[in-house]
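Between the sequences and the hints, there should be enough to build the whole structure, so can you do that?
Protein chains: 2
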Amino acid sequence: MKIKIYFFGKKNEILDWEKEYLRRIGFRCKCELIPLAQAGITEGVKAKKIEADNFLNKISDQDFLIAFDENGIEKDSMDFSKWIKETLENRGEVIFIMGGAHGLHRSILDRVNLKLRFGKMVWTRNLFRLMALEQIYRALEIAGGSNFHKE
Amino acid sequence: MKIKIYFFGKKNEILDWEKEYLRRIGFRCKCELIPLAQAGITEGVKAKKIEADNFLNKISDQDFLIAFDENGIEKDSMDFSKWIKETLENRGEVIFIMGGAHGLHRSILDRVNLKLRFGKMVWTRNLFRLMALEQIYRALEIAGGSNFHKE
Chain A
1 MKIKIYFFGK KNEILDWEKE YLRRIGFRCK CELIPLAQAG ITEGVKAKKI
51 EADNFLNKIS DQDFLIAFDE NGIEKDSMDF SKWIKETLEN RGEVIFIMGG
101 AHGLHRSILD RVNLKLRFGK MVWTRNLFRL MALEQIYRAL EIAGGSNFHK
151 E
Chain B
1001 MKIKIYFFGK KNEILDWEKE YLRRIGFRCK CELIPLAQAG ITEGVKAKKI
1051 EADNFLNKIS DQDFLIAFDE NGIEKDSMDF SKWIKETLEN RGEVIFIMGG
1101 AHGLHRSILD RVNLKLRFGK MVWTRNLFRL MALEQIYRAL EIAGGSNFHK
1151 E
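Chains A and B, in that order, are what the protein sequence lines are. So the first sequence is numbered by my numbering: it starts at 1 and just counts up by one. So the second sequence is numbered by my numbering: it starts at 1001 and just counts up by one.
These are computed hints drawn from the structure, not numbers from a lab. Virtual Cβ for every residue (Gly too), placed ideally from N, Cα, C. Careful: at least some of the hints might be erroneous.
If you only want the chain B side, here are some residues facing chain A, beta carbon under 8 angstroms, derived [as the list claims (entries may be wrong)]:
#1 S1060
#2 F1064
#3 L1127
#4 M1131
Have a look at this one:
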């Protein structure tokens, strides 16, 4: 079982706090946080298209892909845990993608198997990565029967 | 105008990242992150009551108090910005309180003027403080007309 999390940014943006979550998640499931090159242009739509093509080339049609998106559905921590456990068991691997400064291109949003969001608010990118890692860690702890999560 | 954010924990838990948000928020509005002593007992309900009494003694009946609570309402970043701007203008000060490991005692939840939440998920305390600071920073930047926030 494996979780891949793609983000638009550089490897050196990954914080020690994130590395600590990756280490802890690693006791339950392989998990990789993978940077994607950002298009070196400021024009939003064109940049999103180049970035999207680059990402979509990395994955196959069979991959189970989840986008973090402002129009996604919301799950509570228990539901998210149940869902990720079942999905990992059924699919073996899940891939998350989070948007860059310009959001995700339509070609990615059209491709994904599921869109998820954490509430209505907009979050800054670095903080959002940490939030996603925390929820994935929490989800696997719940599924693994630890007492980390208190309702 | 002033924002006070109370949390159950110790001053040395406050991260550099949080201090950076406090510094940036400080350009728009006075903002304090205030630790509250945690009851040194493990029995949840009793601890919550002691902690709640201690906190409620610090504030007056006139204070405008917002709790972060899982049963709170949700606002998007634009609405939160509009709301915090108006509330600061009308009331001069807003006070936020976030729960400890056991959540908030009923006496606090009964006292508050508003309950807010960031989505359905449960968040770890340190990360939640950072999330609250990020949204307050974002809200004041939106209200101040900066281009930090991109819809």
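Exercise for the section: Would you check whether F1064(B) satisfies its interface hint, that is, whether its CB is within less than 8 angstroms of any CB in chain A? Expected result: Violated: closest Cβ of chain A sits about 21 angstroms from F1064(B), beyond 8 angstroms.
Exercise for the section: So, M1131(B) near chain A? Judge it on the closest CB pair being under 8 angstroms. Expected result: holds, 7 angstroms
Practice task
Have a go at the L1127(B) hint: is there a Cβ in chain A nearer than 8 angstroms to its own Cβ?
Solution key: holds, 5 angstroms
Problem - Closest C-beta approach of S1060(B) to chain A relative to 8 angstroms, hint status - result: S1060(B) check fails; min Cβ-Cβ to chain A is 30 angstroms, beyond 8 angstroms.
Comparing the model with each earlier hint shows violations of hints 1, 2; every other hint is respected.
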